[in-house]
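Novice: Single-letter residue listing:
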Amino acid sequence: MGSLRGTAIAGPWLCVLLLGCSTPTLYSWGHYEERIYASYLAPGAVSPEKQVEELEQDYQKARAENKRMPPGFHAYLGSIYLELGKIDQARDELEAEKAEFPESAAFVDRLLASLRKP
Amino acid sequence: MNARALVSATACALALLTPAGCAKPYDYTNFREHRPRSILVLPPVNESRESDAAWSYQSTVTRPLAERGYYVFPVAVVDRLMKDNGVPPGKVAEILGADAVLYVTLEEYGTKHQVLNAATIVKLRARLVDTRSGLLLWERRFAVQHNSNVGSGGNFGDSTEAAHDLSGRANVRLFGDTDQGLLYGPYHPRYGKE
Chain A
25 MGSLRGTAIA
35 GPWLCVLLLG
45 CSTPTLYSWG
55 HYEERIYASY
65 LAPGAVSPEK
75 QVEELEQDYQ
85 KARAENKRMP
95 PGFHAYLGSI
105 YLELGKIDQA
115 RDELEAEKAE
125 FPESAAFVDR
135 LLASLRKP
Chain B
313 MNARALVSAT
323 ACALALLTPA
333 GCAKPYDYTN
343 FREHRPRSIL
353 VLPPVNESRE
363 SDAAWSYQST
373 VTRPLAERGY
383 YVFPVAVVDR
393 LMKDNGVPPG
403 KVAEILGADA
413 VLYVTLEEYG
423 TKHQVLNAAT
433 IVKLRARLVD
443 TRSGLLLWER
453 RFAVQHNSNV
463 GSGGNFGDST
473 EAAHDLSGRA
483 NVRLFGDTDQ
493 GLLYGPYHPR
503 YGKE
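Protein chains in written order, with our numbering: chain A, 25 to 142; chain B, 313 to 506.
Just so you know, these hints were derived from the structure itself, not from any lab.
Quick reminder that beta carbons are idealized off the backbone N, C-alpha and C, glycines included.
Check the hints yourself; a few may be wrong.
As the list claims (entries may be wrong) - Listed below are the simulated BS3-like cross-link pairs for lysine-lysine, each with C-alpha atoms no more than 30 angstroms apart in a straight line:
hint, chain 1, residue 1, chain 2, residue 2
1, A, K85, A, K110
2, A, K122, A, K85
3, B, K505, A, K91
4, B, K424, B, K435
5, A, K122, A, K74
6, A, K91, A, K122
7, A, K74, A, K91
8, A, K122, B, K395
9, A, K110, B, K395
10, B, K435, B, K336
11, A, K74, A, K85
12, A, K74, A, K110
13, B, K403, A, K122
14, B, K336, B, K505
15, B, K435, B, K395
16, B, K336, A, K74
17, B, K505, A, K122
18, B, K403, B, K435
Unchecked claim - These stretches of chain A come out as covered by chain B in the derived footprint (C-beta under 8 angstroms, 3 or more residues):
hint, region
19, 60–68
20, 87–96
21, 128–138
Whenever a hint applies, use it, and build me the whole structure from the sequences.
Specialist: Encoded structure:
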């Protein structure tokens, strides 16, 4: 019973140690991670239209809070616009990804080139 | 033992299997000489018995890596690009201009149900490789276990779901532990100050 009691006493303190000193995040994550997970586990469960709405809301909320969207967010949103055949919006999102994160340039240029193909 | 203590103990019984306390600091010589700005995470190799482990893990890796200060290529978009264009995994980092590639092997991923408790385990090996030189920048073997007491309303849920929840927290530690995790990336305010 001794070790069990030890765990019971240490448990809450471990929680404090693990969660207590949470630092502010660099990015506003919104639904991005959930969407990535769901896109594989349950593709089609949420329509592209609904996803766009959700992600655009996340973006507005982040802007209001003056926070950045995470790496990949705009590229992902762009890929959903592409799925919907909204080429102009797709291009805008890809350009936004490149502007926010220049590391994505080669990747984004490749995606942009595929947009230009008929 | 009162009920509250039991619940707290259950909720927080995160047992670390790797001996982090007595481990030597990682040798960051290669890392410091080839500091990556961007990381491509390739789909993990799945050695666990959970068929959905690879994608479950893959969708929990972006956030902790990005919050560590790196540009992380969007896993879902890259995955589609590779499939649509038949790009082999060995070529994708070069084509996308990724500075480094993260290779992950999932050794265990899921929940083992025992008589009185259920143990959810995420156990993996990770390697970060510099794209241009092929040098190993960092590697780590890591495991996190979460025990829940069945008697006190522990986790009866889906095995992958439980591992998925644990996986995000496992990655925060995998990349963030002092002397064992990754050095900070360029978007982190502490970049270059370690």
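Novice: Now look at each hint and say whether the structure bears it out.
Specialist: Here is what the structure says about each hint:
1. A threshold of 30 angstroms between alpha carbons decides the hint, and for A:K85 with A:K110 the separation of about 23 angstroms falls inside it, so the pair holds.
2. Straight-line distance between C-alpha atoms of A:K122 and A:K85 comes to about 21 angstroms, which keeps the hinted pair within the 30 angstroms bound.
3. Distance hint between B:K505 and A:K91 is fulfilled; the C-alpha atoms sit about 23 angstroms from each other, no more than 30 angstroms.
4. Between B:K424 and B:K435 the alpha-carbon distance is near 13 angstroms, which keeps this suggested pair within the 30 angstroms criterion.
5. Among the hinted pairs, A:K122 with A:K74 is consistent with the structure: their alpha-carbon atoms are about 25 angstroms apart, no more than 30 angstroms.
6. With a C-alpha separation of about 17 angstroms, the suggested pairing of A:K91 with A:K122 holds against the 30 angstroms cut-off.
7. Taking the CA atoms of A:K74 and A:K91, the gap is about 23 angstroms. The hint holds against a cut of 30 angstroms.
8. Simply put, A:K122 and B:K395 have alpha-carbon atoms about 22 angstroms apart, close enough for the 30 angstroms limit, and the pair holds.
9. Distance hint between A:K110 and B:K395 is fulfilled; the C-alpha atoms sit about 22 angstroms from each other, no more than 30 angstroms.
10. For the proposed pair B:K435 and B:K336, the alpha carbon gap of about 20 angstroms is at most 30 angstroms, so the pair holds.
11. Between the alpha carbons of A:K74 and A:K85 the distance comes to roughly 17 angstroms, so the proposed pair stays at or under 30 angstroms and holds.
12. For the hint pairing A:K74 with A:K110, the CA-to-CA distance comes to about 14 angstroms; that is within 30 angstroms, so the pair holds.
13. As the CA atoms of B:K403 and A:K122 are separated by approximately 21 angstroms, the hinted pair is consistent with the 30 angstroms bound.
14. Restraint check for B:K336 and B:K505: satisfied, since their Cα atoms lie roughly 20 angstroms apart, inside the 30 angstroms limit.
15. For the hint pairing B:K435 with B:K395, the CA-to-CA distance comes to about 28 angstroms; that is within 30 angstroms, so the pair holds.
16. Restraint check for B:K336 and A:K74: not satisfied, since their Cα atoms lie roughly 49 angstroms apart, outside the 30 angstroms limit.
17. As the CA atoms of B:K505 and A:K122 are separated by approximately 27 angstroms, the hinted pair is consistent with the 30 angstroms bound.
18. With a CA separation close to 27 angstroms, the supplied pair B:K403 and B:K435 stays within the 30 angstroms bound.
19. Counting residues of the region 60–68 of chain A whose beta-carbon sits less than 8 angstroms from any beta-carbon of chain B gives 5, enough to reach three: the coverage restraint holds.
20. Counting residues of the region 87–96 of chain A whose CB lies closer than 8 angstroms to any CB of chain B gives 3, so the stated coverage by that chain holds, three being the minimum.
21. Coverage of a stretch by a chain is defined here by at least three residues with a beta carbon nearer than 8 angstroms to that chain's beta carbons; for the region 128–138 of chain A and chain B the count is 6, and the condition holds.
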